[in-house]
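One line per chain: the protein sequences are A and B, in this order.
Numbering-wise (the numbering used here), the first sequence opens with residue 8 and increments by one.
Numbering-wise (the numbering used here), the second sequence opens with residue 2 and increments by one.
Honestly, I wouldn't trust all of these hints.
Stated by the list, open to error - Computed from the model, here is a short list of chain A residues facing chain B with C-beta under 8 Å: (1) Tyr-46; (2) Glu-49; (3) Leu-53; (4) Lys-56; (5) Ser-100; (6) Tyr-105; (7) Gly-110; (8) Val-117.
Said to hold, decoys possible - Listed below are the simulated DSSO-like cross-link pairs for lysine-lysine, each with C-alpha atoms no more than 30 Å apart in a straight line: (9) B:Lys-71 to B:Lys-14; (10) A:Lys-63 to B:Lys-58; (11) A:Lys-84 to B:Lys-54; (12) B:Lys-72 to A:Lys-116; (13) A:Lys-59 to B:Lys-58; (14) A:Lys-116 to A:Lys-63; (15) B:Lys-4 to B:Lys-71; (16) A:Lys-63 to A:Lys-84; (17) A:Lys-63 to B:Lys-72; (18) A:Lys-116 to A:Lys-84; (19) B:Lys-14 to A:Lys-63; (20) B:Lys-72 to B:Lys-4; (21) B:Lys-4 to A:Lys-67; (22) B:Lys-72 to A:Lys-106; (23) A:Lys-106 to B:Lys-54; (24) B:Lys-58 to B:Lys-72; (25) A:Lys-63 to B:Lys-4; (26) A:Lys-67 to A:Lys-84; (27) B:Lys-56 to B:Lys-19; (28) B:Lys-54 to A:Lys-75; (29) B:Lys-4 to A:Lys-59; (30) A:Lys-106 to B:Lys-58; (31) B:Lys-4 to B:Lys-54; (32) A:Lys-67 to A:Lys-106; (33) B:Lys-56 to B:Lys-4.
Unchecked claim - Residues of chain A clear of chain B, computed beta-carbon distances all greater than 10 Å: (34) Thr-31; (35) Ala-60; (36) Thr-78; (37) Ser-86.
Hints listed in this document are in silico derivations from the structure and should not be mistaken for laboratory results.
The structure presented is a predicted model; accordingly, all values stated were derived computationally and were not measured.
Ideal placement from N, C-alpha and C gives every residue a C-beta, glycine not left out.
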Amino acid sequence: GNSVTQMEGPVTLSEEAFLTINCTYTATGYPSLFWYVQYPGEGLQLLLKATKADDKGSNKGFEATYRKETTSFHLEKGSVQVSDSAVYFCALSTSGTYKYIFGTGTRLKVLA
Amino acid sequence: DVKVTQSSRYLVKRTGEKVFLECVQDMDHENMFWYRQDPGLGLRLIYFSYDVKMKEKGDIPEGYSVSREKKERFSLILESASTNQTSMYLCASSVTGRDGYTFGSGTRLTVV
């Protein structure tokens, strides 16, 4: 079946450090891939998405590239800020379905 | 911006009570979803609806039911609340599988 695997957290970084959060997936067909962010006490917000292989999604300095050959969609940011502290979720949807499959989330803590 | 509004941020209910969680979206989205979020388990789909009066079970529907009488409103019902239903409940809506979900802010339900 379809699944999403994220790296375990928490990830703790100093401000201005480089961030990578790994996400790999298993899916039939050609899924769309997403990163969501959840700030404390809030619901999830769509951060970026990619709908086909080699697409790069980007938003607010975050990037992720849809790699079909490695079935990955790793989230990166060149210089994190304290305000980026949140939980990040990788997700996929496959064509013909309304449902998404979410990873378990990775908590990021950025220290000043 | 699409808004998904959940009626309560925090709710405390007693075991055995019937509980209603309400969700309203304002952008004419066809698809609406109820998830619960628990530490270490990520997001799990309870029910979803792709049209008025249509509903489908998600991965963990036991102990829950839903109602969608109008396009903009999707209600989650706990028929007889139990302590293992203490959780964060998230409502979401979408147009298609490729667009991404819009989430509400969540309802943190405690059953005592």
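(request) Provide an ascending list of the numbers of those earlier hints which the structure does not satisfy. (result) Violated: hints 1, 8, 10, 11, 12, 17, 19 and 28.
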